[in-house]
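Given only the sequences and the hints, what does the whole structure look like? Please build it.
Protein sequences, first through last, are from chains W and X. The numbering of the first sequence is the numbering used here, which starts it at 1 and goes up by one. The numbering of the second sequence is the numbering used here, which starts it at 1001 and goes up by one.
I should point out that these hints are in silico values taken from the structure, not numbers from a laboratory. Where is the CB? At the ideal position from N, CA and C, for every residue including glycine. Where hints are given, some of them may not hold.
Said to hold, decoys possible - Covered stretches of chain X (in silico footprint by chain W; criterion: 3 or more residues with CB under 8 Å from a CB of chain W, positions within the stretch not fixed): (1) 1152-1159; (2) 1192-1203; (3) 1389-1401; (4) 1425-1431.
To be verified - Output of the computed footprint for chain X on chain W, the stretches with three or more beta carbons under 8 Å from beta carbons of chain X: (5) 150-158; (6) 289-303; (7) 313-327; (8) 344-351; (9) 402-409; (10) 436-448; (11) 467-475.
2 protein chains.
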Amino acid sequence: MDLPLSLDRTSSTTLQMQLCEQLRGAILDGRLAAGTRLTSTRALAESLTVSRNVVVAAYDELYAEGYIEGQRGSGTFVTRDLPPLPKRTRPEPSGVPRWLRTPAPPDLDVLEDDPNLIVFRIGRPNTALISAETWRRAWNDVANQLPPSYYGAPGGDGRLRQAIADYLGRSRGVACDAADVVVTSGALQAVDLVARATLRAGDPVAIEEPGYPSARRVFTARGAEIVPVPVDEDGLKVDELPEGNDAPLLVYTTPSHQYPLGARLSIRRRLALLSWAERCDALIVEDDYDSEYRYDSPPLPALAGLDQAGRVVYIGTFSKVLSPALRLGYVVAPPPLRERIVRLKRLSDYHTPWPVQRALATFIESGGLERHIRRARRHYAEKRRIVADAFRPVSEFATLRGLEAGIHVFLELHPTLDAQRVIERAHRAGVVVESITEHYLGTLPRNGLLLGYGGLTLDQAERGSAILAKAIREELGSAFANAPPRAYAHRPGVINDAPTV
Amino acid sequence: MDLPLSLDRTSSTTLQMQLCEQLRGAILDGRLAAGTRLTSTRALAESLTVSRNVVVAAYDELYAEGYIEGQRGSGTFVTRDLPPLPKRTRPEPSGVPRWLRTPAPPDLDVLEDDPNLIVFRIGRPNTALISAETWRRAWNDVANQLPPSYYGAPGGDGRLRQAIADYLGRSRGVACDAADVVVTSGALQAVDLVARATLRAGDPVAIEEPGYPSARRVFTARGAEIVPVPVDEDGLKVDELPEGNDAPLLVYTTPSHQYPLGARLSIRRRLALLSWAERCDALIVEDDYDSEYRYDSPPLPALAGLDQAGRVVYIGTFSKVLSPALRLGYVVAPPPLRERIVRLKRLSDYHTPWPVQRALATFIESGGLERHIRRARRHYAEKRRIVADAFRPVSEFATLRGLEAGIHVFLELHPTLDAQRVIERAHRAGVVVESITEHYLGTLPRNGLLLGYGGLTLDQAERGSAILAKAIREELGSAFANAPPRAYAHRPGVINDAPTV
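See the structure below:
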């Protein structure tokens, strides 16, 4: 107990009564919680420079009133079973004060999953695949060493930066040095720092349509003018990027596994995008968020690996490969941009917490990361097969896209199927699945669901897919209960006439 | 090794030679670092869908050239003792691209301490005082549990928020609920989030003069117009805050131990400041950065504890009480501002890393934090006494201020002493000390040094203070070698005529 107490010797109220009132007030408004140990009468008298009798009398009174309990020698405590006290609330300003007249920041999704449901949520890995032993050992360094008394480098811990640089070289073909890597608190912070380093209000920024809503909102919050650019089965349609005076300053892209549709940016498009960026003096923001997971296909070089002109800023994250709760990402930028990013990082939060950086450096250096990726790749490949099998029976009306990579797929629905009704039907049967809708900035040219299978067990993936496929069949039945089924029998190939992914 | 490789079957170059060239290139530009294990010939042939002979022949060639080493059965590795390779460098854009035309962010200090010197650095705690056993146990939870597969709440981990709310109630007299606390990555991020939530470019923000340079730069980076307000021995001079149309939107203050001069804001000034804020529709940003350390004086209630009108946002940190490398702080704001801060936190980095939040919750819940504070208070009180004793012999020319609280003091120098020359003299004798200069926005009305003694051992504090006192004596001798010492003998009380702190 280190509560600020102040006694007024000039008051007509006795010191004992003043003390008693202040302590009672602190108990009643919750500053002294039930069970809190009170300072001893001797120590309190000393710190208030009053006679010990004053404190003893005040404590006796509170004891008699039932606010405190305890026995001589074993300490005095705020009574544990006080009746429920009114909720402590912070005071509210009246009206709208001057300092709340800026536009409110966007209210981004914060999702909490009901453990009783099977939740297909995009961007969730299966953390149960992490080796408990390797994880434990990675934290030994942190647990067995007292923390430094100084701040770390804003760009990140040297060991971790080196480990990331080596990893990017051998796994993504991005040649870089430890000094080229800036450690961030997740990929989202990397996007935020890039936006703050480069943009003025009104600057045009191209993003994929559909695209990653959080990234879009980061650019919007910076005042950028968003230029949506469509995607197809080869990823971003580079030839639809504006040229000349209309060319955006930045283009945000997810080439390994387009978020959310799942396409891979073809090598031809990659080269075209780099050439566009050089021609238009633009910067490519390459978000390689789940590049670790590919199936049946060789890796394509990262844009940052192909870049010869300093036109690509590369963003990676450990959210999908380990856990989003670690909040650990990184960015590799052309040197003059990197310098700005480091300064903004210093200005924003100085550096990413030392314990997390240190543990992750150990985890990567020990080979644990790449062992984990190999193990996880087999697991996700198996889950992906289970999901693909489950939807084969309804494939005329529901087509999976983006199966080649990543830990989620897009389930494109036949245009006549109402996605919202399928979602509701599945929810009643215990399965949560997201619509593609909020990933579009403009009107919705495609109809479908996003199935994030990363976080599910094999069994959940199997049961969840079966329930969802059943919901689709039922919805088809219900939709055509009053319509001639023949209308459909005539159009089995209609899905191929839909705009390609 | 997961390097992107691509073979062109239509090329006139053989597959074997293409593979060999690509691997050689990756070794030469560092993408494959010395000692990296190469994929087995069988696995690589499979992933490239070529005959195994092609890969074996390419490896044989690289082996003959000395790029790779290893023996059949034990794996193949990039040669460990390759001659030094040219440094991998990221490509640079030519000229100044369009996306680097915003003003560069400020370049804040990043200090690295030479371990061979005694460094009086402000804001450094002595982390050796932390109980190794309590620290280790706090990390057990993290080490023995795989991380979650989902994001946490943007406002912070529920257990940690509760632990902080309880702690603030009993130690700072701030009545609040877990939901009122937002966990941030250090106090600096809290200031940044408050600035982003409340300010438009051009809005006036009052800060203490001298004050905390990092906070000032956060407000400046947001485009605020800085209004410096002087401080004296009672802290911020509240009656010099502009009123009416000129009233600043925000006032940033450090009432427990004014940063950097060390004064405590008197209770009369606290009440006057709250009343000013209500009258002028302004927000008080209370940065309580080292309130845990007080000596010989009872605690004063935090502004947030006195606030009845929702006009105070309270910022705290574990940087001084545990370690700055944890990057853990918190903010308690009036409810409508809190909501904005949570949204901006979600937009900036989603939440503070789970492992650090979890470990700290355990640390506080176990009573470890308050045991540590009691132990540290005794240690700092002792160090403070050592420092005070060391400067007594030169007290006519060097006066310590801000001794009542915190882990640094201000050593005010006689106006005729050249602080820079004292700093240089001390540095030659192995002691690093900071000038007050950079803490002033305007001209320098006071002359002196900042002695952060928190991070030093008792012995370092004693030796460092003695060296610095000697440097002052020598500088006095040198300064008056050519001047009549009598000039000084006549002005022993001059320090009292200097502007009060």
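Okay, the hints, checked on the actual structure:
1. By the rule of at least three residues with a Cβ nearer than 8 Å to a Cβ of chain W, the coverage given for the region 1152-1159 of chain X holds, with 3 such residues.
2. With 6 residues having a beta carbon nearer than 8 Å to a beta carbon of chain W, the region 1192-1203 of chain X meets the requirement of three or more and the stated coverage holds.
3. Counting residues of the region 1389-1401 of chain X whose beta carbon lies closer than 8 Å to any beta carbon of chain W gives 0, which falls short of the minimum of three for the stated coverage.
4. By the rule of at least three residues with a Cβ nearer than 8 Å to a Cβ of chain W, the coverage given for the region 1425-1431 of chain X is violated, with 0 such residues.
5. Interface restraint, the region 150-158 of chain W with chain X: holds (5 residues with C-beta to C-beta distance below 8 Å; minimum three).
6. With a cut-off of 8 Å between beta carbons, the region 289-303 of chain W has 5 residues touching chain X; three or more are needed, and the interface restraint holds.
7. For the region 313-327 of chain W, the assignment as covered by chain X holds, since 6 residues bring a beta-carbon within under 8 Å of that chain's beta-carbons and 3 suffice.
8. Remark: the region 344-351 of chain W is confirmed as covered by chain X, as 7 of its residues place a Cβ nearer than 8 Å to a Cβ of that chain, reaching the required three.
9. With 0 residues having a beta carbon nearer than 8 Å to a beta carbon of chain X, the region 402-409 of chain W misses the requirement of three or more and the stated coverage is violated.
10. For the region 436-448 of chain W, the stated coverage by chain X is violated: 0 residues have a C-beta nearer than 8 Å to a C-beta of that chain, whereas at least 3 were required.
11. Coverage of a stretch by a chain is defined here by at least three residues with a beta carbon nearer than 8 Å to that chain's beta carbons; for the region 467-475 of chain W and chain X the count is 0, and the condition is violated.
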